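Assemble the complex: chain H is given as a structure, and chain U must be docked to it using the hints.
From first to last, the protein sequence lines are chains H and U. Heads up, the first sequence is in my numbering, so the first residue is -2 and it goes up one at a time. Heads up, the second sequence is in my numbering, so the first residue is 360 and it goes up one at a time.
Just so you know, the hints here were simulated from the structure itself, not pulled from any lab data. These figures come from a predicted structure and were not determined experimentally. Glycine included, each C-beta is placed from N, C-alpha and C at the ideal position. Be a bit skeptical, because a hint or two may be false.
[What the hints assert, rightly or not] Here are a few chain U residues that sit away from chain H, every Cβ distance over 10 angstroms (derived from the structure):
no. : residue
1   : Ile363
2   : Lys489
3   : Gln542
[As the list claims (entries may be wrong)] Short, incomplete list of chain H residues facing chain U, as computed with Cβ under 7 angstroms:
no. : residue
4   : Leu17
5   : Gly21
6   : Val24
7   : Ala25
8   : Thr58
9   : Val60
10  : Glu153
11  : Thr249
12  : Val257
13  : Leu267
14  : Thr272
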Amino acid sequence: MNLASIAVKNTRRNLFRTVLTVVGVAVAMLAFLLLRTVLSSWTAGVEYSAKDRVATRHKVTFVMWLPKRYVDDVRAMDGVKAASWFNWFGGHIVGKEDQFFANIATDPKSFFDVYDEVALPADQKQHWLEDRRGAIVGSALARQFGWKVGDKVTLEGTIYPGLWEFNIDGVYTATRKSIDQSSFFFNWEYMNEGAPAPAKEQIGWIITKVPNPAQAAGLTKRIDQLFDVRDIQTLSMSERALNTSFLGMISTLLKAMEIVSVVILLIMMLILGNTIAMGVRERTHEYGVLRAIGFMPKHVSSFVLGEATCIGLFGGVAGVALAVPLINQGVGRFMEENFSGFFPYFRVATSDALIALGLSVVLALVAATIPAYQASKLHVVDALRRVG
Amino acid sequence: MIPISYNVRSLFVRKATTIATAFGIALVVFVLASSQMLSRGVQRTLGKSGSAINGFVMRKGADTEMSSAIETPKVNLILAAPGVRKDKSGKPMGVGEIVMVLALEKPGTAGQVSNVQLRGVPDDVLAFRKDVHIVEGRPAKPGTDEVIIGKRLRGQFIGLEVGHSFEVKKNRRATVVGVFESQGSSHESEIWCDIDLVRTAFGREGMVSSVSVTLESESKFEVFKAAMEHDKQLGLQALRESAYYEKQSEGTAKLVSFLGGAIVFFFSIGATIGAMITMYAAVSHRKREVGTLRALGFSRITILSSFLLEALLLALIGGGVGAAASLGMSFVHFSMMNMASWSEITFSFDPAPEILIRAVVIGGLMGVVGGLLPAIRASRTSAVEAMRE
Chain H
-2 MNLASIAVKN TRRNLFRTVL TVVGVAVAML AFLLLRTVLS SWTAGVEYSA KDRVATRHKV
58 TFVMWLPKRY VDDVRAMDGV KAASWFNWFG GHIVGKEDQF FANIATDPKS FFDVYDEVAL
118 PADQKQHWLE DRRGAIVGSA LARQFGWKVG DKVTLEGTIY PGLWEFNIDG VYTATRKSID
178 QSSFFFNWEY MNEGAPAPAK EQIGWIITKV PNPAQAAGLT KRIDQLFDVR DIQTLSMSER
238 ALNTSFLGMI STLLKAMEIV SVVILLIMML ILGNTIAMGV RERTHEYGVL RAIGFMPKHV
298 SSFVLGEATC IGLFGGVAGV ALAVPLINQG VGRFMEENFS GFFPYFRVAT SDALIALGLS
358 VVLALVAATI PAYQASKLHV VDALRRVG
Chain U
360 MIPISYNVRS LFVRKATTIA TAFGIALVVF VLASSQMLSR GVQRTLGKSG SAINGFVMRK
420 GADTEMSSAI ETPKVNLILA APGVRKDKSG KPMGVGEIVM VLALEKPGTA GQVSNVQLRG
480 VPDDVLAFRK DVHIVEGRPA KPGTDEVIIG KRLRGQFIGL EVGHSFEVKK NRRATVVGVF
540 ESQGSSHESE IWCDIDLVRT AFGREGMVSS VSVTLESESK FEVFKAAMEH DKQLGLQALR
600 ESAYYEKQSE GTAKLVSFLG GAIVFFFSIG ATIGAMITMY AAVSHRKREV GTLRALGFSR
660 ITILSSFLLE ALLLALIGGG VGAAASLGMS FVHFSMMNMA SWSEITFSFD PAPEILIRAV
720 VIGGLMGVVG GLLPAIRASR TSAVEAMRE
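The shape of chain H in the complex, shown without the other chains (with noise of 0.2 angstroms):
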């Protein structure tokens, strides 16, 4: 009989706790891994994310407007391919105001010069091209609000009052996943005109498109040089970084979700100890017989640190096979369709799938090393002693 085997034998004495404990650390691991491909599917999304595009802003925050005439002297740069305008809209549907989308003016025309991935039937395109009052939509939202081609939707401005009426002219879908399918994009003329006067010729952002990557660099810098001197200054930026800060709190968010997967880890670290700490007092008279018969306080020790290791194991694999299905089916799923934009790829990677198995072992190995040294340091004729 090998250490492997009597570890495995052990944790079948008190088969129930073992499953409890199991359980507890499948569910701290399950838990775990959610969070951990939340923070690296955001990574990844910068993967995705298209770089050959800057975006540019006011100074302050994309609540505060541009002149509009800044989007031709960022087309008459060096280097520029082509460069569109938007304004976030900031509108809700009337009695459903709790429904968040963005709904975002552009210029039709340079919309697809920009955003070459934004796939739309050449006869739709044609006529969103046409219609000052239409609109795109992704096909997450068509479906959320049951949208067709040829619809009329009524949104209530927050940022520019009144009533706005829009036709539905195309669903839009993306060859790639840098931009999501739950936005609304309508014409931005549209709003120009009915605008108060302040807000008249005003524009929220610039995205430009570079020919290579490599020179948006240097173009973000130029950006911000050329209109330091002016009476507003602009902020450029990867198109990524403009997408982040719509979503105010996210940095907020993912630095407490990284302090809880910590301390997830800590609880199963507490559940799992504590179960071998009952095993070890009460195999405590065990252990003396073993120590009586010749067995080296390591053999004590390492029976205790092998049980350890199985539960470990087993709830690391039990936590792994729970989360990999709930959430590449289940929650990764949702996330793609509706928040693709951020989430582009909301999988469990390998990798966290085999740093959480790694974490489950070297954990329950952590946190059965003060009783793994208390079993090793037994008096033989103490343990023998003991009752119970």
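Here is chain U on its own, set in the frame of chain H:
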């Protein structure tokens, strides 16, 4: 009835296990209480900024001050509306204010900027907002580029100290001459300056963002609101100032509560399992004792309740520790982006007895849930079998 001292001593015998289990529950109670304290802190910070006796007018459809704009001629119309209180000299009590956001550099971050709300206020604002007091320096002179800052902003950004200055826009600096407090409201995270400074620096001549008025009484609000919204041409909407700020805090407070709830859900599964393991061990360890108790004539229900009580006791120890630790969070202040204003507001954890009690009760509940099955097993112990072991 089995004396409670029996349970207390039993918990003491297995110190390490008791501590580990109680710590797990303490963690859950701590997270639960802290997240609710923060959520309450958010609501209170923003809630204190408005009062129910004040009316608050924005452009119709606007959901924040940032997106609202009212032309100046309408301000006098609003102040003249029925229900607005007048001061001794017969002047209506109200102010038109304009808000903007500034990006200022944080100290020691090598150029990292964050947003601060800038509020342009009229000369008589301190007479109108009576809860605002200058705690250092002096009020700003009207018509100058002098500003006063909320006390929570002090030292948070470069230039925000009495006597220092910062750029409002290119080549236009404003000097800080005073610091004010306002009983912990969100105003304490704002810079207040002359209304014309904001107007000229941001091209908002002839505009205000919102108008606040003091009403003759809280019940006059309906009259005031009807007067504001009757004329559709004006395009105005009136709210109670308290209701406006409550709405502003909703999103952030909800998010904090939701996140806290999700964490507590996972944590409490772990802690309940921990309690269950501990109690099962306690029951099997004391099988002979339980058998003896049965033989002495204690009923099954007595034994069941004794073990449940022990589990509850264990959980309450943890819950008490967790709640006490969460009280320590009330010394922590931290800045968070407020989604409604796109600027940073400093919030604090706001303890309330009901939050702590609720958290401890939930902790106790985890003990009871975790201890139920083990207690049932204990109550089913047969006296004869147990004593034979």
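Now the hints, each set against the structure:
Ile363(U), annotated as away from the interface, keeps every beta carbon of chain H farther than 10 angstroms; the closest lies near 23 angstroms. With a cut of 10 angstroms on Cβ distances, Lys489(U) stays outside the contact zone with chain H, its closest approach being about 31 angstroms. Separation of Gln542(U) from chain H is adequate, the least Cβ-Cβ distance of about 25 angstroms exceeding the 10 angstroms criterion. About 5 angstroms separates the beta-carbon of Leu17(H) from the nearest beta-carbon of chain U, less than 7 angstroms, and the hint is met.
With a cut of 7 angstroms, the hint placing Gly21(H) at the interface with chain U holds, because the nearest CB-to-CB distance is about 4 angstroms. Interface hint at Val24(H): satisfied, since its Cβ lies 5 angstroms from the closest Cβ of chain U, which is below the 7 angstroms cut-off. Interface restraint check: Ala25(H) against chain U, minimum CB-CB distance 6 angstroms, threshold 7 angstroms, status holds. Proximity of Thr58(H) to chain U holds as hinted, the smallest CB-CB distance being about 5 angstroms (cut-off 7 angstroms).
At its closest, the beta carbon of Val60(H) sits 5 angstroms from a beta carbon of chain U; the interface hint therefore holds under the 7 angstroms criterion. Contact between Glu153(H) and chain U, as hinted, is supported at the beta carbon level, the nearest pair being about 6 angstroms apart and thus within 7 angstroms. With a least beta-carbon distance of about 6 angstroms to chain U, the hint placing Thr249(H) at the interface is held under the 7 angstroms criterion. This hint holds: Val257(H) has a C-beta 5 angstroms from the nearest C-beta of chain U, less than the 7 angstroms allowed.
Here the hint on Leu267(H) is kept, as its CB sits about 5 angstroms from the closest CB of chain U, short of 7 angstroms. Hint on Thr272(H) holds. Least Cβ distance to chain U is approximately 6 angstroms, under the 7 angstroms limit.
Of the numbered hints listed earlier, not one is contradicted by the structure.
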